[in-house]
Amino acid sequence: MAYSNQLLDHYDNPRNVGTLDKGDDTVGTGLVGAPACGDVMKLQIKVGADGRIEDAKFKTFGCGSAIASSSLATEWVKGKTLAEAEQIKNTQIAQELSLPPVKIHCSVLAEDAIKAAIKDYREKHKSSDSKAAE
Amino acid sequence: MSVNKTAQSGVNVNGSSVSGSGTNQPHLPIYLDYQATTPCDPRVVEAMLPYFTEKFGNPHSRNHSFGWDAEEGVEKARRQVASIIGADEKEVIFTSGATESNNLALKGVAHFHKDKKNHIITTVTEHKCILDSCRHLEMEGFKVTYLPVQQNGLIDLEQLKAAITDKTVIVSIMAVNNEIGVIQPLAEIGKICRERGVYFHTDAAQAVGKIPLDVNAMNIDMMSISGHKIYGPKGVGALYVRRKPRVRLEALIHGGGQERGMRSGTLPTPLCVGLGEACAIAEREMGAEVERLKYLRDRMYNKIKEQLPEVYLNGDLEQRIPGNLNISFAYVEGEGLMMGIKDLAVSSGSACTSASLEPSYVLRALGVEEELAHTSLRLGIGRFTTEQDVDYAVEHIVQSVNRLRAMSPLWEMAQEGIDIKSIQWAEH
Numbered sequence: 000m001a002y003s004n005q006l007l008d009h010y011d012n013p014r015n016v017g018t019l020d021k022g023d024d025t026v027g028t029g030l031v032g033a034p035a036c037g038d039v040m041k042l043q044i045k046v047g048a049d050g051r052i053e054d055a056k057f058k059t060f061g062c063g064s065a066i067a068s069s070s071l072a073t074e075w076v077k078g079k080t081l082a083e084a085e086q087i088k089n090t091q092i093a094q095e096l097s098l099p100p101v102k103i104h105c106s107v108l109a110e111d112a113i114k115a116a117i118k119d120y121r122e123k124h125k126s127s128d129s130k131a132a133e
Numbered sequence: 000m001s002v003n004k005t006a007q008s009g010v011n012v013n014g015s016s017v018s019g020s021g022t023n024q025p026h027l028p029i030y031l032d033y034q035a036t037t038p039c040d041p042r043v044v045e046a047m048l049p050y051f052t053e054k055f056g057n058p059h060s061r062n063h064s065f066g067w068d069a070e071e072g073v074e075k076a077r078r079q080v081a082s083i084i085g086a087d088e089k090e091v092i093f094t095s096g097a098t099e100s101n102n103l104a105l106k107g108v109a110h111f112h113k114d115k116k117n118h119i120i121t122t123v124t125e126h127k128c129i130l131d132s133c134r135h136l137e138m139e140g141f142k143v144t145y146l147p148v149q150q151n152g153l154i155d156l157e158q159l160k161a162a163i164t165d166k167t168v169i170v171s172i173m174a175v176n177n178e179i180g181v182i183q184p185l186a187e188i189g190k191i192c193r194e195r196g197v198y199f200h201t202d203a204a205q206a207v208g209k210i211p212l213d214v215n216a217m218n219i220d221m222m223s224i225s226g227h228k229i230y231g232p233k234g235v236g237a238l239y240v241r242r243k244p245r246v247r248l249e250a251l252i253h254g255g256g257q258e259r260g261m262r263s264g265t266l267p268t269p270l271c272v273g274l275g276e277a278c279a280i281a282e283r284e285m286g287a288e289v290e291r292l293k294y295l296r297d298r299m300y301n302k303i304k305e306q307l308p309e310v311y312l313n314g315d316l317e318q319r320i321p322g323n324l325n326i327s328f329a330y331v332e333g334e335g336l337m338m339g340i341k342d343l344a345v346s347s348g349s350a351c352t353s354a355s356l357e358p359s360y361v362l363r364a365l366g367v368e369e370e371l372a373h374t375s376l377r378l379g380i381g382r383f384t385t386e387q388d389v390d391y392a393v394e395h396i397v398q399s400v401n402r403l404r405a406m407s408p409l410w411e412m413a414q415e416g417i418d419i420k421s422i423q424w425a426e427h
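Sequences listed follow chains B and G, in order.
Residues 0 to 133 in numbering that gives the first Met the number 0 are what the first sequence spells out, letter by letter.
Residues 0 to 427 in numbering that gives the first Met the number 0 are what the second sequence spells out, letter by letter.
Everything labelled a hint here was simulated from the structure, so no lab data went into it.
A virtual CB, placed ideally from N, CA and C, is assigned to each residue, including glycine.
Certain hints may be false.
Unchecked claim - Just so you have them, the derived chain B footprint on chain G, three or more residues with Cβ under 8 Å:
1. 321-332
2. 368-379
3. 400-414
To be verified - Once the Cα atoms are required to be at most 20 Å apart in a straight line, the calculated DMTMM-like pairs of lysine to aspartate or glutamate come out as:
4. B/Lys56 to B/Asp20
5. B/Lys21 to G/Glu411
6. B/Lys21 to G/Glu415
7. G/Lys341 to B/Asp11
8. G/Lys341 to B/Asp8
9. B/Lys79 to B/Glu122
10. B/Lys56 to G/Glu411
Can you build the whole structure from these sequences, using the hints too?
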């Protein structure tokens, strides 16, 4: 597979590999994909008091495109608000990495991973949000 | 007998050329995909060259020395091919490769006998050219039984016996599998087929020169042979067709009636000569080569196992050609792994490496679970692989697997004692 330099860079030097504490209140964890499909991404975000994502970490079981897509995703969400991070589209990831057509689904999974992490964070704060609204 | 651990001198298939073996640093990239194809042995190339520009005549030209010289080359090659499989030279016809041989064997026999018999038996792990030919025959109205394989990759002989009916015309079972290198029990299969009056064809592309083959001892009626799998040129192969008792088949390619009417077309003299020479070399050197490859393969496998937990061999270790390893590295995806070992040319059973995004059907047939199929690498060593190549490869594979496991959420879960199978994964 002829991969772009950006993709190879993310594969050789992945950004933000690691783990945040799942149980921590400020952390949202997204786990998407399936081992049977050959693609599993775990993407975690740490949200600061100002509502911006101050840290993000990922771990991925998958091909070079999957690894690069999730690495890029963690790079992009940092510094964004949840609403802004939700706007990240798989097409942008695919374009940045010049993904070949057969690998586009890897970028879709990365977008799903971001959304799953945000959803998890929101769910943790649903009860406290509704309390605040009272 | 001492094992010659050095590769054949004078050749380096990895990167740039070198003279003689014994260098400490392997030349990169290292070729470890010998089941996909092999380089021509330089002795094969040397044998072929005169037939391109000097003895270039049409081997079927009866009337002048150009034709006679070419014919001599072809007939010598025919004898060399026959010799390595224990056949008579009249029983060997040249084709464009094992794919054509397989097509001819199946379709040729099926069509010839279709009025009386219409059932074919094969296995689920055959090469695509067998499977696809069978599907095509099914569309024409033939019935095909695809025998399953056991976890070790071998067929169950009882299942074969039970599948044969009085409408069965041919059983086609590959001698050695291209992905996992396992060797089927050819003599036993041949015995069963002979007893039941059914033709036995075997796709021996990965077997010739790697295991002893004897068409008479094994009761084989037809055998497909591939040039580029045994250090011969691409574009040529052969089909062995038994004469006593005679195998009747319809030709696929019609024309001037060459090759006893079974395969028309001017023979590619240099390619035939190359195939012949490759067989002759293999016949002479198989014993020593098998010993050497077994030593290297075991070295590679043991070193990997010593340094990495959770690696699984796909297919039987004993009933296997020495040049093949097919290993699943749990929690690490195959294509990602291959990217990390850029200096090694290997292949994988992962879906991500195929254009169709389907994982290896051979591994699936063994019962290997999909997630392990995605983590598999096929490592194929051969005549020009050195011990340095093997050691370098192991070092880099281990390094890459460790790096990717550190990045893998599945490895993380396994370390934490989470049962991955218990998780409800969202399908995508």
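Structure-based check of each hint:
{"no.": "1", "hint": "321-332", "in the structure": "holds (count 3)"}
{"no.": "2", "hint": "368-379", "in the structure": "holds (count 4)"}
{"no.": "3", "hint": "400-414", "in the structure": "holds (count 7)"}
{"no.": "4", "hint": "B/Lys56 to B/Asp20", "in the structure": "holds, 10 Å"}
{"no.": "5", "hint": "B/Lys21 to G/Glu411", "in the structure": "holds, 13 Å"}
{"no.": "6", "hint": "B/Lys21 to G/Glu415", "in the structure": "holds, 13 Å"}
{"no.": "7", "hint": "G/Lys341 to B/Asp11", "in the structure": "holds, 11 Å"}
{"no.": "8", "hint": "G/Lys341 to B/Asp8", "in the structure": "holds, 14 Å"}
{"no.": "9", "hint": "B/Lys79 to B/Glu122", "in the structure": "holds, 19 Å"}
{"no.": "10", "hint": "B/Lys56 to G/Glu411", "in the structure": "holds, 14 Å"}
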